[in-house]
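Protein chains: 2
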Amino acid sequence: MSTFDPALTPLEWNDLDQRAVTAIKAMAADAVEKAGNGHPGTAISLAPAAYLLFQKVMRHDPSDAGWVGRDRFILSAGHSSLTIYLQLFLAGYGLELDDIAALRQWNSKTPGHPEVGHTTGVEITTGPLGQGLAAATGFAFASRRERGLLDPEAAAGTSPFDHHVYVIAGDGDLQEGVTSEAGSLAGHQELGNLIVIWDDNKISIEDQTDISFSEDVVKRYEAYGWHTLHVDWTNGGGEYTEDVVALAAAIEAAKAETGKPTLIRLSTIIGWPSPKKQDTYAIHGSALGSAEVEGLKEALGLDVTKSFQIDDEVLKYTRSVAERQAAQRTAWDEAFTAWQAANPENAALLARLTAKELPAGWTDALPEFPADPKGIATRVASGKTLTALAPVLPELWGGSADLAGSNNTTMDGEPSFTQPHRQTRTWKGDVYGRTLHFGIREHGMGAILNGIALHGLTRPYGGTFFQFADYMRGSVRLAALDGTPSIFVWTHDSVGLGEDGPTHQPVEHLWAYRAIPNLDIVRPADANETAWAWRGIIENTSNPAGLILSRQNLPTFPRGEEGFAPADGVLKGAYTLLDTDGTPDVILIGTGSEVQLAVRARETLAAEGIKARVVSAPSLEWFARQPAEYRESVLPAGVKARVSVEAGIALGWAGIVGDAGRSVSLEHFGASAPAETLFREFGITAEAVVAAARESIAAAQA
Amino acid sequence: MSTFDPALTPLEWNDLDQRAVTAIKAMAADAVEKAGNGHPGTAISLAPAAYLLFQKVMRHDPSDAGWVGRDRFILSAGHSSLTIYLQLFLAGYGLELDDIAALRQWNSKTPGHPEVGHTTGVEITTGPLGQGLAAATGFAFASRRERGLLDPEAAAGTSPFDHHVYVIAGDGDLQEGVTSEAGSLAGHQELGNLIVIWDDNKISIEDQTDISFSEDVVKRYEAYGWHTLHVDWTNGGGEYTEDVVALAAAIEAAKAETGKPTLIRLSTIIGWPSPKKQDTYAIHGSALGSAEVEGLKEALGLDVTKSFQIDDEVLKYTRSVAERQAAQRTAWDEAFTAWQAANPENAALLARLTAKELPAGWTDALPEFPADPKGIATRVASGKTLTALAPVLPELWGGSADLAGSNNTTMDGEPSFTQPHRQTRTWKGDVYGRTLHFGIREHGMGAILNGIALHGLTRPYGGTFFQFADYMRGSVRLAALDGTPSIFVWTHDSVGLGEDGPTHQPVEHLWAYRAIPNLDIVRPADANETAWAWRGIIENTSNPAGLILSRQNLPTFPRGEEGFAPADGVLKGAYTLLDTDGTPDVILIGTGSEVQLAVRARETLAAEGIKARVVSAPSLEWFARQPAEYRESVLPAGVKARVSVEAGIALGWAGIVGDAGRSVSLEHFGASAPAETLFREFGITAEAVVAAARESIAAAQA
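Chains as they are written, first to last, in my numbering: chain C, 1 to 702; chain G, 703 to 1404.
Just chain C, with the same shape it has in the complex:
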């Protein structure tokens, strides 16, 4: 419960409310009919529930969609995008009738699935099922951590930062494994401000869900430690009643349970009261057809000849939602002002975080690593960098999917984010703690990281082996699509992980993740490149990044000595690490652990009188963003002899090294053996680079 929430008891539900709901049920059918395709069913049957949330339950302000005190709403069942568009239209977030009528059309504000950053009022892009519901756990994580940073001492429910996260989820969301992972963590973390309405309509694309979905969902959520409630609009198969009072009461009960997340099972009939297609798959994902649209309007008591009909009086009323919450908003504003006055440092922090600015001088904290031929693993350098950044960047936090010690994702001395009674001998806990423990739940981790980042104020990272990025790829892609600055720490980045063998060795992963548009892949070559990689990633808040780190030690290059360039070139994505006099005969391009091979190959080639430039290319995405002149200065078009070296498939390197180029690569799965054996047996060696360089020079001259 929170001091600033609108009252729900007694629920005000007047004629205007009912007319609004009736209007948008018909409008959902009209919009899909006009588009010719779409998902009308849930938009029709869940209209009262969504309306209840946006008009009665949630604390929000359509004129200030980014208000830090707002409740969050996630439409996990993203295919039913009209469910949120119609509420944004009613509440006055900037959508008008024309926008609803432009559903699913080029350049409209109402795409097929809701897209954050595209339509005001949408908090997260949804559509890939499960992502919204799983990310909701991240939203709730973030709200607790943010409260801890800003207002930790406030009594429960009294802080301006206390708010709820509401989710509408469908059967598909409940079936996806990503939500099982996140749901288990939500129960474990006792996220009392998370309230999920499960639209239990028993219909999905293959019609009745009984064909594949007979588990006891409520019992499963209880097993996760959730609070569960049931609201049955079907009355057990009796007369269907859209009992918004009962739903409001359930929401009240959910809010009263502050120690557990709540799942409200809402039994509905999809498409109700559509006369012939309700309760069938035919209304889930297709236009109703004009006869059925008419039948729906008739059942709703509307003029069957009109489309997109809503009375001005109704719209004026629904758009007064902020005014109707004015008393609560005033109380919130007063509390916020009082908090600012009492907590000037935290208020300054909030202002900085809201502006997405970094603190002055923060980069001074970045470690510098001394030259060391033996060196350290980049995962270790990453861990040291995180620990160094801990005091200066309170917004940075994260953890691992049960690989903390391997991923080096723990900031030394920081408490775990957990309920104190759940701390262990290894991990000291704090409800506002900083170290995240995802368990062995990579996909859930990905979605939770996205939720944290989208909640707005903090910057999350999460680690696993690079191999298991595949388990979380759905979330990674969504982060890229959303431009969510989640940070994925992926260690054990090649066959260099050794004995665990091919199930754990990435081979295709570098290119498979570079393939995702808007995702930055950053694979530093040594400890100092790792620190600079973190800097580059942190300074960029417009898209996600994957930081690719070695298990094995890598030499720390002598920066500024022996011809080695400083590591700040990392920020440009690729840079000349070691140059030659004049035009090079060949350019050796390496990433990560293979840059050292290029360095050694260069020496061998030099002894043969061949001038080789070594380019370290930690991030091809960052390099692609540099001006053409810079890129030309690193990889001059005139130098056709080029060799790439990377312990993975060559795939995209062909486009960089060109027809005369050669790639030292690995085109098959790895094997279980010590790393040095694998590199030797698989031919990922300095000698192979030398041989490839000779070949490439010959090809370029041919």
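Do not take every clue at face value.
Pulled a few chain C residues facing chain G out of the computed Cβ check, cut under 8 Å [said to hold, decoys possible]:
(1) G112
(2) V116
(3) G117
(4) E176
(5) I211
(6) Y224
(7) L349
(8) V431
(9) G439
(10) R473
(11) G483
Within a straight-line C-alpha distance of at most 30 Å, the following computed DSSO-like cross-link-like pairs (lysine-lysine) qualify [said to hold, decoys possible]:
(12) G/K1086 <-> G/K1130
(13) G/K1130 <-> C/K202
(14) G/K921 <-> C/K219
(15) G/K921 <-> C/K276
(16) G/K1086 <-> G/K1076
(17) C/K255 <-> G/K1274
(18) C/K219 <-> G/K1076
(19) C/K428 <-> G/K904
(20) G/K736 <-> C/K219
(21) C/K428 <-> G/K1086
(22) G/K1008 <-> G/K978
(23) G/K921 <-> C/K202
(24) G/K736 <-> C/K374
(25) G/K921 <-> C/K428
(26) C/K34 <-> G/K904
(27) G/K1130 <-> C/K219
(28) G/K1274 <-> G/K1058
(29) G/K1342 <-> C/K640
Treat the hints as calculated values from the structure; they're not laboratory data.
All residues carry an ideal CB built from backbone N, CA and C; glycine is no exception.
Here the structure of chain C is known, so what remains is to put chain G in place on it, guided by the hints.
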């Protein structure tokens, strides 16, 4: 229960049994110590459980690892590979002491994680957590379907094809979402022959699992419809007792419950009785160190100065397991012979399926589609092909992750694989049915498909939107690593899916999946290529394939007319669809829905006097397997002007079209709008191909 199972009551557990268990506990520590790394803890503590399975419970024959009547064993906790290696050693599957001592070394039979096809007796590669447990559902699906094909009328437990699937799973397996998906389906399907032992040791890599795993796992499995049992070797924190009799009794009870899968929660102490490191993460994934190994041996009553010690007497005993099961085996053989005699047709089918042969003349059933400028979607052609193949290939079966109607994965008229009481108005069910319903569980589907294929006799396929291949990537990669011939039907393969927008539109997927070694990606250009694609996929049983299909209609080319080559070229991966007289000026290479653009561009270019060859390239992997001469005949090295056209990122095309080549591609996410709008706005058009051809010709001449 099955007629042919060894008796478990009373359990024979003599001194030799106990000495064998004691020996392998020490040997597990020795092997990891010698390797310097590995996972000893679970191998030590679960030794009695694994021994019980291999020596007392399971029906198997070390001299005949492929025996169709065997029980199956899946070590889902693959990191504890010694758990199975030591049983294979004891039972006599071909592993000797030298192999155990070569754990995790180059070319050894004992890699870090168990690999099917590499070590005799391993049924599935495990290591990526959850895959084994999830695939076990597939094993059990397969056993039921195979029984339905071979011996449907036999009373329960009396068929030679009735057997059990045993799984050892760890905490990580239980946390992964893929097992939630598969577990829900296992309960739904009432898989009474699936028995899972969950090693509830409360330790994972981050030490006590309490830090992230507090859900009630048993209750969750009950919610899935599982039978659950608890065997507590910790005696609630009292004296630790490896009570194999209690575990055997639980297994008996599990077998007695034939209407539900069983989860046996086995409470253990990891590494017991290692004196200092038991019950800690330190014994999970690291060598114990010599002092602790000595302490372990002392606790076991063994000579602390010896390594890899086992008495000949013990080994002789354990290797007599088949002899000790001789009576049951004889009974099985008799039953099998009787079955063969009574069911000659089914016996012939079994012989064919076992030999992985296809029936003579099966390709006659493949449909031919008439030329049609409007054409049909390749997903529709795929559905028609499946229906046509249904009567001739009984081993072929599959379904969809709740997208049957969209993926066109249903063979017309075939019953659903489900318990009859779970059939719906839309899907008629049969316990031995053919149409699979995975629900909205892509990752579980992938693992289940792999399990079905690995079980051995049938050939499974499963569909979803290509976009959601990302959700199942972990399973897809494992299929490729295993060489498991699962068939992934991925439809809605580009922005051509239209209005559902960027969350549902693949852009990077073609290259991201081509990137996986040993996975064939096949993207037919029209209906006839689709039928040939199915032929090529079905004829290849050595690795998985992804069949990439369009949502939208594609013209059916006039094969053998107007210069169009026949569609059998599909089997070669790429072929000249339309040629020119003499050497072409430019080669236009397309895949799938974009081949039609190349065809149209060729006409425009011809009008300008430019001779363009059109190459249809449905599978670059198949093409790569052709002889060099064939590849040269399709893409002559001398023709440098080349254009690729594919509605996705260009990535790997650079290596095919070369420096002078051009790629018509899509380098960013899609959008929500009708397909034709998207192709036009994104420049995936015949005009773009024409322009690129002109550019490429100029570049080749420069």
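Verification of the supplied hints:
Proximity of C/G112 to chain G holds as hinted, the smallest CB-CB distance being about 4 Å (cut-off 8 Å). Against a cut-off of 8 Å between C-beta atoms, the interface hint on C/V116 is violated, since the closest Cβ of chain G lies about 11 Å away. A distance limit of 8 Å between C-beta atoms decides the matter here; for C/G117 the minimum to chain G is near 12 Å, and the interface restraint is violated. Given hint, C/E176 at the interface with chain G, holds; its Cβ is 6 Å from that chain's nearest Cβ, closer than 8 Å.
Annotation: C/I211 was flagged as interfacial toward chain G, and the flag holds, the nearest CB pair being 5 Å apart, inside 8 Å. Among the interface hints, the one on C/Y224 holds; its C-beta lies about 5 Å from the nearest C-beta in chain G, closer than the 8 Å criterion. Restraint check, C/L349 versus chain G: the minimum CB separation of about 28 Å is more than 8 Å; hint violated. Among the interface hints, the one on C/V431 is violated; its C-beta lies about 14 Å from the nearest C-beta in chain G, farther than the 8 Å criterion.
With 8 Å as the threshold, the beta carbon of C/G439 comes within range of chain G, its nearest partner Cβ sitting at about 4 Å, so the hint holds. Residue-level restraint check for C/R473 holds (minimum Cβ-Cβ distance to chain G is 4 Å; threshold 8 Å). Checking C/G483 against chain G by beta carbon gives a least distance of about 10 Å; that is not within 8 Å, so the hint is violated. Only pairs whose Cα atoms come within 30 Å are accepted, and G/K1086 paired with G/K1130 is accepted, the gap being roughly 20 Å.
Note on G/K1130 and C/K202: the hinted pairing holds, with a Cα-Cα distance of about 18 Å set against a maximum of 30 Å. The straight-line distance between the Cα atoms of G/K921 and C/K219 is roughly 7 Å, inside the 30 Å bound, and the hint therefore holds. For the hint pairing G/K921 with C/K276, the CA-to-CA distance comes to about 39 Å; that exceeds 30 Å, so the pair is violated. For the hint pairing G/K1086 with G/K1076, the CA-to-CA distance comes to about 17 Å; that is within 30 Å, so the pair holds.
Of the pairs offered as hints, the one joining C/K255 and G/K1274 is violated, with about 62 Å between alpha carbons and a cut-off of 30 Å exceeded. Annotation: proposed proximity of C/K219 to G/K1076 is violated, straight-line Cα distance about 51 Å (limit 30 Å). A C-alpha spacing of about 18 Å is found between C/K428 and G/K904, which places the hinted pair at or below 30 Å, so the restraint holds. This hinted pair does not check out: G/K736 and C/K219 have alpha carbons roughly 47 Å apart, beyond 30 Å.
Between C/K428 and G/K1086, the direct Cα distance comes to roughly 60 Å. Violation of the 30 Å bound is thereby established for this hinted pair. With a C-alpha separation of about 20 Å, the suggested pair G/K1008 and G/K978 falls inside the 30 Å cut-off, and the hint holds. Annotation: proposed proximity of G/K921 to C/K202 holds, straight-line Cα distance about 23 Å (limit 30 Å). Between G/K736 and C/K374 the alpha-carbon distance is near 24 Å, which keeps this suggested pair within the 30 Å criterion.
At most 30 Å may separate the alpha-carbon atoms for a hinted pair to count; G/K921 and C/K428 meet this at roughly 28 Å. Our distance criterion of 30 Å between C-alpha atoms is broken by C/K34 and G/K904, whose separation comes to about 56 Å. Proposed proximity of G/K1130 and C/K219 is supported: the alpha carbons are some 28 Å apart, at most 30 Å. A C-alpha spacing of about 22 Å is found between G/K1274 and G/K1058, which places the hinted pair at or below 30 Å, so the restraint holds.
For the proposed pair G/K1342 and C/K640, the alpha carbon gap of about 17 Å is at most 30 Å, so the pair holds.
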